[in-house]
Amino acid sequence: MAIAPLGERPPILHMREVDKTFNGGVVALRRMNLDVNEGDFISLLGPSGCGKSTALRLIAGLMPPTLGRIEWEGGQSSDDLGVVFQEPTLMPWATVEKNVFLPFRMRGKRMTSEVKDRIYEVLSMVGLENFGKSYPRELSGGMKMRVSIARAMATNPRLILMDEPFAALDEITRQKLNDDLLSLKAQTGATVIFVTHSVFESVFLSDRILVMAARPGRIIHEIEVDAPYPRGIEWRTSQRYGEVAREASDMLHGALNLQEAAE
Amino acid sequence: MTIADSGPKVASKTDAGPMFDADEERRARRRRTEEIAKYVIPLAVMALAIWYWDRLVVWNEIEPYILPRPGLVLQTLIEDWGTLFQSLLITLQITGLALLVAIVGGVGLAVLFSLSRFAEMSFSPFAVILQVTPIVSIAPLIFIYIESRLVGLLLCAWIVAFFPILANTTLGLKSTDHNLSDLFTIYKANRWQRLIHLQLPSALPYFLGGLKIAGGLALIGAVVAEYVAGTGGMGSGLAFRILEASYRLQIPRMFAALILIALTGVIIYATTSLISHLALRKWHESALKRE
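Listed in order, the protein sequences are those of chains A and B.
Residue 670 in our numbering is what sits at position 128 of the first sequence, and the numbering runs on without skipping anything.
Residue 343 in our numbering is what sits at position 218 of the second sequence, and the numbering runs on without skipping anything.
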């Protein structure tokens with residue numbers, strides 16, 4: 543699916559002056575502004591405690607903002623979101639097929655041949671078309687994560703939220719899944735917000751990197767990564783990749799310094 | 126050249142072959158022995174214990190109205206089979222029915238508690254009071270107020286059996302994975318979807334654990350209640366047969382009825398374990414076989 547270049551994409555979600563304060567008085571986010579456009583691959587990059595996961599939970603509607611607004615372009619519907627957590631979060635009692643069926647079921651759909659075709663289509667995109675009848679415990683950690691990604695993408699949601707999905711995986715599996723995620727994105731044109739604390743992951747995957755600082759959590763810098771998709775080993779080893787990684791890394795250090803100054 | 130070259134290789138292969146096989150064979154033999162021993166050892170020990178019981182009676186010249194020989198117990202079991210079997214059926218019927226009502230009541234109440242915190246606040250004290258009060262002390266009252274003997278027995282067995290099911294299922298319904306619960310929220314699942322597709326499957330292992338306990342308790346409840354109810358007649362279970370035999374000093378018959386009660390307990394435990402295994406073997410950690 544062709545994606546418009548940065549700056550020409552229609553917006554789908556706006557966060558306006560969003561504050562989130564927890565009961566204990568901890569300010570998790572202050573005055574966060576973010577426009578998400580169709581086809582964006584946004585990374586929220588920051589040290590722990592910078593509110594990146596909080597921002598994701600706010601967008602997911604799991605909690606309300608203390609102040610400010612989160613607006614969906616054209617209103618919100620139940621087809622808006624797909625989510626991948628840090629854990630695969632599969633139902634252990636259900637087969638892979640039934641797990642991917644979950645978002646369809648929640649929308650009142652039955653397991654028709656049409657739905658089943660779609661389920662096996664996304665499963666084959668993540669290389670698991672032969673595991674539809676397996677139970678999660680029969681799969682490796684990386685395979686479970688693929689099922690989780692397939693589930694998030696199955697219904698073609700407007701926005702996919704990913705909360706450090708590969709943090710618990712080993713380096714080799716992680717790189718493989720990064721490659722797979724990009725090819726999935728190329729096929730579906732999905733819009734993704736990806737939370738990570740890895741500079742290299744964010745530079746490899748995304749076209750917008752938002753660097754966040756903690757105490758209070760806020761966006762301090764945005765980097766646009768102009769490298770074209772599909773990206774692969776050439777991008778990972780290019781000079782430009784190194785430059786962007788350097789910039790992001792510097793910003794992250796800046797964020798940590800700000801944090802120390804605040805303490 | 127080729128023949129000369131391949132010669133030693135083949136020889137070394139055949140040398141290594143049998144050694145590997147022998148090791149494999151030893152392990153296979155040990156596995157087979159263990160497989161057989163698993164059944165043979167308990168049976169042999171049981172047989173030995175019964176034999177020792179028999180010898181004990183003979184050596185010490187104990188009278189049969191104090192401790193009968195196992196053979197006499199078996200003989201009584203066969204001779205009185207008509208009466209005892211009728212009673213066995215009644216005990217089984219009461220236990221089974223009480224368990225069934227306990228499942229419906231326990232799971233139903235647990236679901237109600239999970240749907241409404243007010244219901245939980247209102248009713249859980251009653252459930253706890255019923256559970257902590259010994260059934261022997263409630264039973265006489267029950268038989269004063271309830272005319273039908275069968276209903277009274279059922280009620281007693283139910284009171285003891287339903288609490289573990291209620292407590293375990295309530296815990297299970299609350300023990301859903303937080304991320305999965307968030308996922309259901311994001312997918313805008315309604316209450317019923319959440320209950321049926323998330324909470325009930327999560328609670329299943331807990332419920333089955335409760336069921337195993339409740340099965341044994343239902344039998345205890347049925348037996349205890351019958352001791353309290355006392356009066357005999359046609360519709361009497363095994364507990365009454367034991368009571369009756371003790372009044373008449375028919376000790377072998379007491380043993381025969383006791384064996385049937387023990388057997389009933391074993392059958393109930395085996396059945397609930399089998400149900401649990403069948404329901405969980407595909408996915409739950411407890412049913413996982415590790416190599």
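Hints should not be assumed to be uniformly reliable.
Restricting the straight-line Cα-Cα distance to at most 25 Å, the calculated cross-link-like pairs of lysine-lysine (BS3-like) are [stated by the list, open to error]:
id, chain 1, residue 1, chain 2, residue 2
1, B, K407, A, K658
2, B, K337, B, K407
3, B, K407, B, K299
4, A, K640, B, K337
5, A, K675, A, K658
6, A, K651, A, K675
7, A, K640, B, K407
8, B, K313, B, K163
9, A, K640, B, K313
10, A, K675, B, K407
11, B, K163, A, K651
12, A, K640, A, K675
13, A, K658, B, K163
14, A, K658, A, K640
15, A, K640, A, K651
If you are wondering where the hints come from, they were derived from the structure by calculation, not from laboratory data.
Hints versus structure:
Of the supplied pair hints, the one linking K407 of chain B and K658 of chain A holds, its CA atoms being roughly 22 Å apart against a limit of 25 Å. With a C-alpha separation of about 19 Å, the suggested pair K337 of chain B and K407 of chain B falls inside the 25 Å cut-off, and the hint holds. For the given pair, K407 of chain B sits about 22 Å from K299 of chain B by alpha-carbon distance, which is consistent with the 25 Å threshold. Distance restraint check for K640 of chain A and K337 of chain B: the Cα-Cα separation of roughly 29 Å exceeds the 25 Å cut-off, and the hinted pair is therefore not satisfied.
Taking the CA atoms of K675 of chain A and K658 of chain A, the gap is near 12 Å; set against the 25 Å cutoff, the hint holds. Taken as a hint, the K651 of chain A and K675 of chain A pair is honoured in the structure, with Cα atoms around 20 Å apart against an allowance of 25 Å. For the suggested pair K640 of chain A and K407 of chain B, the alpha carbons sit about 14 Å apart, so the restraint of at most 25 Å is met. Restraint check for K313 of chain B and K163 of chain B: the C-alpha separation of about 51 Å exceeds 25 Å, so the hint is violated.
A threshold of 25 Å between alpha carbons decides the hint, and for K640 of chain A with K313 of chain B the separation of about 18 Å falls inside it, so the pair holds. Only pairs whose Cα atoms come within 25 Å are accepted, and K675 of chain A paired with K407 of chain B is accepted, the gap being roughly 11 Å. A threshold of 25 Å between alpha carbons decides the hint, and for K163 of chain B with K651 of chain A the separation of about 50 Å lies outside it, so the pair is violated. A distance of roughly 8 Å separates the Cα atoms of K640 of chain A and K675 of chain A; the hinted pair therefore holds under the 25 Å criterion.
Distance restraint check for K658 of chain A and K163 of chain B: the Cα-Cα separation of roughly 46 Å exceeds the 25 Å cut-off, and the hinted pair is therefore not satisfied. Between K658 of chain A and K640 of chain A the alpha-carbon distance is near 10 Å, which keeps this suggested pair within the 25 Å criterion. At roughly 13 Å between alpha-carbon atoms, K640 of chain A and K651 of chain A fall within 25 Å of each other, so this suggested pair holds.
In the structure shown, a violation is registered for the earlier hints numbered 4, 8, 11, 13, in ascending order.
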